[in-house]
Structure formats: C-alpha cells, structure tokens
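Visitor: Letter by letter, the chains look like this.
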Amino acid sequence: MSARPTYTQDVVSDLIDGSLPWAQTRQIMSAYKDDDRFEKYIAILQERVPWDDPIVLTVGEHLFIVATAAGHVVKCDCGHEFCDYRENWKMAARVRVRDDAESLEEIYPGPSKPDVEWMELREFICPGCAALLEVEAVPPGFPVLHDFLPDLEAFYEGWLGRPVPTVGG
Amino acid sequence: MSNGTVATTDKPKLLGAIGLKRRLEEMEQTLADTGHYDGIEELALRAEDPLKYERTHTRLSSAVIAARETSKLISASPGVREVGESVVGLFTPEGDSVVFSAGIMVHVHSMSRFIKWMIRNDYENDPGIEPGDIFANNDAFIGCVQLPDVMDVIPIFRDGELVAWAGSVCHELEVGGIVAGGDINIAIERFGEGMPVCAEKVGTNDEIRRDYLVRAERSLRTPIYWILDEKAKVSACLEVRDKVNELIDDLGTEYFKQAIHEYIEEGRRTHLERMKVQSVPGRYRGVTFYGNLFKDKPGVLPVAAKNELIPIPVEVEIDRGGFMSVDFEGAGPWGWHPNNCSPAAMEGGFFVNLTQFMDYDGMVNDGAALATELKLPEGTWTNPDSEQVATACGWALMNPAYGTFVRLMARAHLARGFKEEIFVGGINCPFFEAGGISQYGTRFGASNFELSAAGSGARGIMDGIDTGYAIFNPESDMGNAEVWETALPVLYLGRRIWADSGGAGKFRGGVGFTSLYKAHRTPLLSVTTAVHSGKVFDNAGICGGYPSPSALYHYAIRDNDLAERIENRDPLPVGVGDADAPDMLELISGDVEYTEGVYVGKPLKDGDLFQHSYIGGGGYGDPIERSPDLVRRDLDVGKVSERLARNLYRVAFELEDGEYKVDAEATAAAREAERERRLSGSVPAAEWFEAQRKRVVDNGFCEEVSAMYHDAMELSERWRGEYAEFWKIDGPLAWEESK
Numbered sequence: 001m002s003a004r005p006t007y008t009q010d011v012v013s014d015l016i017d018g019s020l021p022w023a024q025t026r027q028i029m030s031a032y033k034d035d036d037r038f039e040k041y042i043a044i045l046q047e048r049v050p051w052d053d054p055i056v057l058t059v060g061e062h063l064f065i066v067a068t069a070a071g072h073v074v075k076c077d078c079g080h081e082f083c084d085y086r087e088n089w090k091m092a093a094r095v096r097v098r099d100d101a102e103s104l105e106e107i108y109p110g111p112s113k114p115d116v117e118w119m120e121l122r123e124f125i126c127p128g129c130a131a132l133l134e135v136e137a138v139p140p141g142f143p144v145l146h147d148f149l150p151d152l153e154a155f156y157e158g159w160l161g162r163p164v165p166t167v168g169g
Numbered sequence: 001m002s003n004g005t006v007a008t009t010d011k012p013k014l015l016g017a018i019g020l021k022r023r024l025e026e027m028e029q030t031l032a033d034t035g036h037y038d039g040i041e042e043l044a045l046r047a048e049d050p051l052k053y054e055r056t057h058t059r060l061s062s063a064v065i066a067a068r069e070t071s072k073l074i075s076a077s078p079g080v081r082e083v084g085e086s087v088v089g090l091f092t093p094e095g096d097s098v099v100f101s102a103g104i105m106v107h108v109h110s111m112s113r114f115i116k117w118m119i120r121n122d123y124e125n126d127p128g129i130e131p132g133d134i135f136a137n138n139d140a141f142i143g144c145v146q147l148p149d150v151m152d153v154i155p156i157f158r159d160g161e162l163v164a165w166a167g168s169v170c171h172e173l174e175v176g177g178i179v180a181g182g183d184i185n186i187a188i189e190r191f192g193e194g195m196p197v198c199a200e201k202v203g204t205n206d207e208i209r210r211d212y213l214v215r216a217e218r219s220l221r222t223p224i225y226w227i228l229d230e231k232a233k234v235s236a237c238l239e240v241r242d243k244v245n246e247l248i249d250d251l252g253t254e255y256f257k258q259a260i261h262e263y264i265e266e267g268r269r270t271h272l273e274r275m276k277v278q279s280v281p282g283r284y285r286g287v288t289f290y291g292n293l294f295k296d297k298p299g300v301l302p303v304a305a306k307n308e309l310i311p312i313p314v315e316v317e318i319d320r321g322g323f324m325s326v327d328f329e330g331a332g333p334w335g336w337h338p339n340n341c342s343p344a345a346m347e348g349g350f351f352v353n354l355t356q357f358m359d360y361d362g363m364v365n366d367g368a369a370l371a372t373e374l375k376l377p378e379g380t381w382t383n384p385d386s387e388q389v390a391t392a393c394g395w396a397l398m399n400p401a402y403g404t405f406v407r408l409m410a411r412a413h414l415a416r417g418f419k420e421e422i423f424v425g426g427i428n429c430p431f432f433e434a435g436g437i438s439q440y441g442t443r444f445g446a447s448n449f450e451l452s453a454a455g456s457g458a459r460g461i462m463d464g465i466d467t468g469y470a471i472f473n474p475e476s477d478m479g480n481a482e483v484w485e486t487a488l489p490v491l492y493l494g495r496r497i498w499a500d501s502g503g504a505g506k507f508r509g510g511v512g513f514t515s516l517y518k519a520h521r522t523p524l525l526s527v528t529t530a531v532h533s534g535k536v537f538d539n540a541g542i543c544g545g546y547p548s549p550s551a552l553y554h555y556a557i558r559d560n561d562l563a564e565r566i567e568n569r570d571p572l573p574v575g576v577g578d579a580d581a582p583d584m585l586e587l588i589s590g591d592v593e594y595t596e597g598v599y600v601g602k603p604l605k606d607g608d609l610f611q612h613s614y615i616g617g618g619g620y621g622d623p624i625e626r627s628p629d630l631v632r633r634d635l636d637v638g639k640v641s642e643r644l645a646r647n648l649y650r651v652a653f654e655l656e657d658g659e660y661k662v663d664a665e666a667t668a669a670a671r672e673a674e675r676e677r678r679l680s681g682s683v684p685a686a687e688w689f690e691a692q693r694k695r696v697v698d699n700g701f702c703e704e705v706s707a708m709y710h711d712a713m714e715l716s717e718r719w720r721g722e723y724a725e726f727w728k729i730d731g732p733l734a735w736e737e738s739k
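Protein sequences appear in the order of chains H and V.
Here our numbering is used: the first residue of the first sequence is 1, the next is one more, and so on.
Here our numbering is used: the first residue of the second sequence is 1, the next is one more, and so on.
Worth double-checking, as some hints may not be accurate.
[Stated by the list, open to error] Here are the computed lysine-lysine pairs in the DSBU-like style, where the Cα-Cα straight-line distance is at most 35 Å: (1) Lys52/V / Lys295/V; (2) Lys306/V / Lys21/V; (3) Lys52/V / Lys231/V; (4) Lys201/V / Lys231/V; (5) Lys33/H / Lys375/V; (6) Lys72/V / Lys21/V; (7) Lys72/V / Lys52/V; (8) Lys243/V / Lys297/V; (9) Lys33/H / Lys243/V; (10) Lys52/V / Lys33/H; (11) Lys295/V / Lys602/V; (12) Lys33/H / Lys276/V; (13) Lys306/V / Lys605/V; (14) Lys306/V / Lys33/H; (15) Lys295/V / Lys306/V.
[Claimed, not checked] Here chain V is said to cover these stretches of chain H; the calculated rule only asks that three of the stretch's residues, wherever they fall, bring their Cβ under 8 Å from a Cβ of chain V: (16) 39-53; (17) 67-77.
[What the hints assert, rightly or not] Here are the simulated distance ranges between beta carbons: (18) Asp99/H / Gly468/V: 26 to 36 Å; (19) Arg320/V / Glu87/H: 18 to 28 Å; (20) Gly321/V / Glu87/H: 41 to 51 Å; (21) Thr58/V / Gly168/H: 53 to 63 Å; (22) Glu717/V / Asp52/H: 42 to 52 Å; (23) Glu39/H / Gly321/V: 19 to 29 Å; (24) Gly71/H / Ala305/V: 29 to 39 Å; (25) Glu373/V / Gln27/H: 54 to 64 Å; (26) Glu54/V / Thr8/H: 27 to 37 Å; (27) Pro163/H / Val303/V: 54 to 64 Å; (28) Gln24/H / Ala668/V: 24 to 34 Å; (29) Gln27/H / Asp319/V: 27 to 37 Å; (30) Gly321/V / Glu47/H: 55 to 65 Å; (31) Asp52/H / Gly700/V: 41 to 51 Å.
Hints listed in this document are in silico derivations from the structure and should not be mistaken for laboratory results.
Every residue, glycine too, gets a C-beta built ideally from N, C-alpha and C.
Let the sequences and hints guide you as you build the complete structure.
Guide: Printed below as a string of structure tokens:
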C-alpha cells in the first residue's frame with residue numbers, strides 16, 4: 001500500500017489559489033506529498049489559460065514554458081510569447097527602473113528606501129498584459145539575473161519517465 | 001552496567017582497534033567510493049523490524065527534545081529560557097548528527113564540525129577523550145557561526161567503547177567583547193570578539209572545571225548567563241547519555257550502533273527522494289546585498305573605517321540524481337568587519353534552512369547534508385583564507401544568503417506545483433545589545449533577542465508570518481517584555497506593528513514591529529545594533545513581490561520631554577508613524593540621534609529613549625493582484641499604510657466612521673490605470689540595456705559599487721567573464737583600467 005495521498009483536481013485547484021480552508025491546507029502540507037500533483041497542476045493551469053500550447057513547466061505566477069512548433073518558449077498566461085526558454089525572458093520584457101528618490105518613495109517612503117547610488121529596483125513587466133513578473137533589487141550595473149534554467153530533459157525523462165512534451169513541426 | 005562515567009582501568013576503546021581518526025577517514029572514503037553513508041547499501045534493521053527501528057528513532061528524538069526542555073529551566077538567560085536559543089543533539093562516534101531537538105538547529109551541523117575537528121586533530125591522544133569529559137567550543141573555524149554559540153559535547157561510552165556523542169549549544173547574550181552583548185558589531189578581526197573557547201576540555205568526571213568557570217566569571221560583563229548555560233548544556237548532555245544507556249540496556253550496543261548509522265543513510269536517501277518529488281532539476285540563480293557602513297562610526301579602527309557593499313550571490317544546481325550543489329561564486333572578499341562566515345557557519349546555515357523547507361520530518365539528520373554540496377570560493381566572505389577574521393556577526397550575510405537560497409527553492413516548488421510550500425525566505429533582522437550600569441547598580445552586558453519574532457517572507461498561497469519568524473530558530477519567540485526588563489535597564493513603552501514592513505505582493509511578507517524603550521534606573525546605558533545593513537535591501541521578493549524595507553535607522557533621543565508628555569497624557573512615539581515624519585521626530589522633543597546601518601550610540605541615562613525596528617519579509621506576486629479585501633484588513637489593523645494601499649496596491653477606499661470601505665469599481669479602474677502606467681512608464685529591456693551598458697563602460701557608479709565589482713572580479717575569473725559577456729564588453733572593464 002502506498003503511503004502517498006492523492007487529491008481531487010478541485011482540491012488542488014483551491015489549494016494553489018489559497019482558497020482551501022487552512023485546516024485542510026495544513027493537513028496537506030504535513031502529509032506525504034501527492035505523487036500526481038504535477039500532472040493535476042498542469043491540467044488545472046492548462047484549463048485556465050486561453051491558448052492551447054501544451055504547458056511544459058511553470059516558471060512564474062504568470063509565466064510558463066510551453067511547447068510550440070518553434071520549440072519550447074516562455075509564454076505569459078495572457079498569450080504574449082517572450083523567447084526560447086534557454087534565454088532570459090527578462091531581456092524580452094519591458095522594464096521600469098526605480099533609481100531615484102521620487103520613484104522609490106512611492107513604495108519606500110522616508111528613511112526606509114535604499115540609497116539610489118547603491119541599489120535600484122528593476123520591475124520586469126509583461127508587454128502583453130502589464131503584469132509585474134519580477135522585481136530585482138540590485139546595484140546599478142548588476143547583470144540581469146536568469147532566475148531559473150530548468151533541465152527539461154532530466155526532469156521529464158529522468159524523473160517523470162516520459163518525453164518532454166513537444167509539438168510537431 | 002556502565003553509565004559512561006565509571007573509569008575503566010584500560011584506555012577506552014574509541015573505535016575498536018583502528019582509532020577514531022582513521023575510522024573517520026575511512027568513512028569519508030567509503031562514502032566517496034560507494035555513495036552510501038558508512039557503505040550501508042541495505043537498511044537492514046529497518047527491513048528486519050521496521051516498527052522497532054522507528055520506535056528506537058522516536059526514543060532518541062524524544063531524548064534530545066526532553067533534555068532541551070529540562071535544560072532551559074536551568075538557564076538564567078532570557079535568550080535561552082524565553083526565546084529558545086538552544087539546541088540538543090545526538091551524534092555518531094564519528095561526529096555525524098543522528099537526531100536533534102527543536103531550537104537553533106544550525107548548530108547541529110556545526111557541532112558535527114566541532115567533533116570532527118577534535119577527531120582530525122588527534123584529541124584521542126592529546127588531550128584524550130575519556131568517559132565523563134566535557135568539551136566546549138565557540139571558534140567559528142572549528143565549528144560554529146560566531147563566538148556567542150558556545151557548544152558543549154560529551155562522549156558517550158558503553159563498556160569502555162565510544163558509541164556516541166551528546167551535544168548542546170546555547171547562544172550567549174554576553175561574550176566579553178569590545179562592546180557589550182554577543183554579536184560584537186565593530187569587531188574587525190577575531191581579537192575583540194570576546195572570550196574564545198577553542199575546542200577545550202572544560203570538564204572531567206561530568207563536572208565543569210573550576211578554572212574554566214573562573215575564566216568566565218572574570219571575562220564577561222554578566223557571567224551568570226554563560227555559567228548557568230554551561231550547566232544547562234551539560235545537564236542536557238548527561239540526560240541524553242542516560243537515555244542512550246537505557247536504550248542500549250533494552251536493545252544492545254550493536255543494535256544502537258548500527259541503527260544510528262542507518263538513520264543517517266536513510267536521511268541521505270530521503271533527501272534525494274524529496275528533491276525528486278518536490279523540485280525540478282536545473283540551474284537557479286539569485287542575489288542580494290548587504291551594506292556595511294563603518295565610515296565615521298565610533299570605535300571602528302581606521303583600517304576598517306569605510307562603507308562596503310557586499311554581494312551575496314547564490315547559484316543552485318540540481319542534477320538528474322536529485323543532488324544539489326549551492327555555489328557562492330561571485331561573493332565578495334572577506335573584510336575587516338564582523339560579517340564574515342566560516343565554512344562551518346555556511347554549512348550550519350544551509351542545514352537549518354534545509355530543515356525548514358525540505359527535510360522537516362522523518363530522519364532529519366546529517367544525511368541531508370551528505371546529499372548536498374556547498375561551493376565556498378576561497379578568499380570570499382563565505383570561506384576566508386585567514387582564520388583570524390571576525391565572524392561575530394556572520395548571520396548578517398548568512399541570513400540574506402540562505403533567504404536567497406530558499407527563494408530559489410520556492411521557484412522549484414512553483415514549477416512542481418507545490419505552491420503551498422513556496423516561501424520567500426527569512427530575512428536578516430538587526431537587533432540591539434547594551435552594556436553599562438544595570439538597574440541593580442552592577443556592570444552588565446546583554447543582547448535583546450526580540451529579533452526572533454520578525455516577519456517572514458510571504459508564502460505562495462498566503463501572507464508571511466507576522467511578528468513571529470526567525471530564520472535561525474524555527475521555534476521562534478520574542479520573549480516577554482517584562483523578562484527583558486529584568487535583563488536590561490530598560491522599560492518598554494510600547495511594541496507596535498510596523499506598517500509596510502512586509503514586502504508588498506499578491507501575498508505580502510510578514511510584518512515586523514517597533515519597540516520603544518526608556519533607559520531605566522541607569523546612569524549609563526551604551527546601546528549598539530548588530531547585523532544591521534544600510535543603504536541596500538538585504539532581501540527580495542519573487543514573482544513580482546517587493547523586498548521588505550531593510551535599510552533601517554535606529555533612533556535615540558536624549559534629554560527629552562518624556563516626563564512632561566506622560567504628565568500631560570500626550571501620545572508617545574511607540575511606533576514608526578508616518579515614514580515622512582516619523583513619530584520619533586514628531587512626538588518627542590530632545591537631543592535626537594538617528595543612524596543608518598550599524599549603530600554605536602553615545603551613552604544614555606535614565607529617561608532617555610530609543611526606538612528599534614524589527615523588519616518584515618519579502619513579498620510574492622504582483623501587488624495589484626492582491627485581494628482588495630486583504631488590503632482592507634491590513635489597513636484596519638495597521639499592517640499597511642494608506643499610502644501603500646493607494647500607491648502600490650492600487651485600492652480605492654474611504655475611511656467611514658473608523659472603518660475602511662473598499663470601492664470595488666474604483667479599485668478595478670485604479671488597477672487598470674496602473675497597468676497602463678506600467679506600459680507607458682517602462683521601456684523594452686533591450687533599450688534599457690544599451691543605456692546601462694554605456695554606464696558600465698563609463699564606470700558611472702559610486703565608489704562603493706565600483707569597488708564591489710572590482711573586488712568580486714579579482715576573486716573570480718568566471719564571474720568576471722559572465723559579467724563582461726552579459727554587457728558585451730571586450731577588454732578591460734572600467735574599474736580594472738582605473739586600478
């Protein structure tokens with residue numbers, strides 16, 4: 001008998017939205033992890049997005065690596081496509097930089113703001129839906145971080161035991 | 001029956017005939033050769049009788065948990081009694097942790113380092129490892145984070161054979177450094193950090209040596225904490241030894257010896273399995289920074305009197321086998337400041353974070369550490385090439401480092417679908433320490449450990465923990481104000497939630513708080529702050545969340561009108577108030593002092609005030625996706641200001657009869673307007689890149705930023721190469737030319 005629990009798609013859907021009652025959430029967090037979570041998660045997200053490209057992996061609140069005829073690309077849930085997943089999607093985003101006292105004080109008033117010569121806030125924005133996708137707090141001149149470069153092959157073939165989803169063409 | 005204290009006529013067998021040192025070397029070789037801890041390919045005891053195997057593990061876990069609870073009652077320190085700054089563990093003869101209690105679990109692994117250091121340095125022969133011996137250490141390069149982590153271990157013998165070690169750590173509130181407290185904020189090399197204990201035999205026959213206690217009595221401002229903590233730790237170790245002996249009486253020595261090694265191999269396997277269940281292989285990168293402000297700070301010697309920006313880069317690689325390596329390439333050099341870390345500290349900090357996000361149940365032990373690897377580049381603050389550097393405030397860089405690490409793992413959880421496990425990580429929280437003349441008329445020194453109840457980072461499906469999280473102690477507690485008032489000559493005039501101290505986001509970081517203190521019945525109170533970053537945030541949000549405001553000021557107001565305000569029943573500055581017009585500047589008159597970054601205050605006296613803020617964690621997700629109702633609830637209880645509710649969360653509200661009412665339609669319109677503003681106020685990253693590249697080429701940075709790049713690149717050709725590649729620059733970089 002497996003010690004692993006499994007949950008319905010509705011429960012997982014509420015769980016990832018934070019709308020499951022805390023007692024139930026807590027119970028799930030304390031239990032062994034559900035082996036089929038990834039499949040259910042992807043199925044839920046696939047139902048929610050307004051496009052059909054198969055989701056391969058989630059890389060942000062709004063961002064996915066999807067399979068397309070042109071390969072695996074980073075795509076926003078609004079439908080905007082950024083670039084090949086091996087490149088940094090941030091360099092294909094729009095960026096708003098808070099690097100002066102006025103713009104920083106909107107969020108960090110008075111003495112709570114950083115020194116603008118030492119640190120800036122870079123806000124990476126989806127050109128399609130204007131969602132705020134990432135915020136970097138770094139000194140000026142610091143290279144843009146490539147947050148996550150997944151090894152899709154090792155994940156799918158090595159851990160899930162199936163090929164990386166692709167789209168013919 | 002042996003209780004471990006009976007002296008044997010023969011020299012005790014430390015590990016059969018081969019000796020402890022060779023046994024440790026062989027075990028390390030076996031792990032390298034077979035991939036299994038102690039070469040254990042089959043968990044034979046588990047297969048043979050799983051219930052007995054699990055029951056035995058539970059008995060050992062219970063032993064260390066119970067021993068810690070008992071020992072807390074022996075301690076006199078509010079840090080240990082109130083806040084739980086202690087831990088108890090059981091170790092194999094070779095020094096690997098088997099089970100440990102709740103508390104400051106960082107030291108479970110650093111105690112492993114300490115035991116192994118003694119083994120490698122042939123303590124078996126000199127000074128000898130005998131039944132009843134007590135060994136102590138607080139040397140970060142032997143095995144701990146910083147000097148206040150005083151650890152005691154005792155060998156456990158059975159019929160003359162070493163079968164285990166018991167160990168315990170208490171964090172000391174006063175260590176006899178050049179300023180009072182535990183985390184000596186202006187130490188610039190190890191000399192001046194306080195009273196060192198470098199892997200010393202401090203007791204025999206289960207008794208702490210008198211000369212060791214005399215040293216503590218004469219070296220510390222408030223020796224009672226250290227001395228009673230010593231007794232607490234030794235009592236915990238002895239209690240664990242008793243329980244181990246009871247267990248061996250029941251199950252036999254051979255079963256015990258084999259089981260404790262199988263538990264570690266199982267811990268190693270469990271960790272690898274979990275990585276495969278909960279993460280995704282690949283490369284993860286993050287970074288944060290710390291501003292060490294030593295320029296013009298009183299008490300800092302000229303060699304160190306400068307401001308420094310310290311980079312804290314973290315790269316995680318998870319391979320196909322679930323093996324994780326964490327690389328700090330690009331970290332800046334060690335410096336003449338107290339924020340450096342020893343490898344033991346880096347390993348311990350890693351371990352305590354692993355226990356919180358991945359290895360939080362089952363066989364939690366050094367097995368997890370064996371399934372991972374830290375890459376600590378030599379010469380950086382993560383692995384100084386001198387063991388004389390100061391490490392008194394190593395947490396200042398370690399907390400941001402492992403907060404970043406946890407954020408990287410949050411990306412793994414997000415990818416895998418375990419959003420409920422997403423955690424934006426812990427933060428580094430400055431706190432105050434004090435010395436001078438106590439309310440009892442005696443000299444004193446002590447830390448105030450309220451920082452153990454800062455805010456945490458946000459979670460993937462809910463806000464972070466408000467006023468109740470410490471990265472270094474998952475069982476955190478701020479302690480009762482009344483108890484802190486007995487330890488320090490201060491009166492609490494208030495503790496108040498600090499609005500906006502949690503980083504903004506769809507789910508915000510947990511909020512911190514502010515305390516207002518009155519110097520009380522003292523003619524002399526010297527206050528300092530430790531692990532106190534300035535000019536930069538030393539944390540971050542993810543997926544659109546913002547950092548918490550961690551570039552903090554500390555306020556003091558001498559010769560003030562407090563008495564008059566109390567007499568008139570006027571409001572007191574118990575909180576931060578309006579950030580543009582802080583209550584400490586608006587609600588009280590007097591001689592004001594406020595300092596950015598580490599604080600070394602002029603003396604206070606009875607009636608003077610000071611205010612310290614404890615920060616919150618980073619946020620998760622886009623703030624304009626936050627439920628307007630959550631914003632309303634935050635407004636109601638003062639966790640978010642009206643300013644941020646409008647400016648950042650873009651919620652339209654009115655305050656009617658003392659209640660906030662949200663206008664849903666106007667909120668939707670405000671959020672739509674913000675989306676338009678984002679698009680019109682931003683540029684394509686490629687366009688931004690070109691302008692920034694010119695700035696890089698021209699070295700258009702302040703001295704400290706330029707120095708940071710120069711110094712980090714001197715230590716890392718790889719990091720330099722990646723930097724030049726990113727900015728598409730051939731040939732020397734500007735700071736290389738200027739040097």
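Visitor: If a hint holds in the structure, say so; if it doesn't, say that too.
Guide: Each hint tested on the structure:
no.: 1; hint: Lys52/V / Lys295/V; result: violated, 61 Å
no.: 2; hint: Lys306/V / Lys21/V; result: violated, 44 Å
no.: 3; hint: Lys52/V / Lys231/V; result: holds, 34 Å
no.: 4; hint: Lys201/V / Lys231/V; result: holds, 15 Å
no.: 5; hint: Lys33/H / Lys375/V; result: holds, 29 Å
no.: 6; hint: Lys72/V / Lys21/V; result: holds, 34 Å
no.: 7; hint: Lys72/V / Lys52/V; result: holds, 30 Å
no.: 8; hint: Lys243/V / Lys297/V; result: violated, 51 Å
no.: 9; hint: Lys33/H / Lys243/V; result: holds, 33 Å
no.: 10; hint: Lys52/V / Lys33/H; result: holds, 25 Å
no.: 11; hint: Lys295/V / Lys602/V; result: holds, 16 Å
no.: 12; hint: Lys33/H / Lys276/V; result: holds, 11 Å
no.: 13; hint: Lys306/V / Lys605/V; result: holds, 30 Å
no.: 14; hint: Lys306/V / Lys33/H; result: violated, 50 Å
no.: 15; hint: Lys295/V / Lys306/V; result: holds, 4 Å
no.: 16; hint: 39-53; result: holds (count 3)
no.: 17; hint: 67-77; result: violated (count 0)
no.: 18; hint: Asp99/H / Gly468/V: 26 to 36 Å; result: holds, 34 Å
no.: 19; hint: Arg320/V / Glu87/H: 18 to 28 Å; result: holds, 23 Å
no.: 20; hint: Gly321/V / Glu87/H: 41 to 51 Å; result: violated, 27 Å
no.: 21; hint: Thr58/V / Gly168/H: 53 to 63 Å; result: holds, 54 Å
no.: 22; hint: Glu717/V / Asp52/H: 42 to 52 Å; result: holds, 46 Å
no.: 23; hint: Glu39/H / Gly321/V: 19 to 29 Å; result: holds, 22 Å
no.: 24; hint: Gly71/H / Ala305/V: 29 to 39 Å; result: violated, 55 Å
no.: 25; hint: Glu373/V / Gln27/H: 54 to 64 Å; result: violated, 34 Å
no.: 26; hint: Glu54/V / Thr8/H: 27 to 37 Å; result: holds, 31 Å
no.: 27; hint: Pro163/H / Val303/V: 54 to 64 Å; result: holds, 60 Å
no.: 28; hint: Gln24/H / Ala668/V: 24 to 34 Å; result: holds, 30 Å
no.: 29; hint: Gln27/H / Asp319/V: 27 to 37 Å; result: holds, 32 Å
no.: 30; hint: Gly321/V / Glu47/H: 55 to 65 Å; result: violated, 33 Å
no.: 31; hint: Asp52/H / Gly700/V: 41 to 51 Å; result: holds, 47 Å
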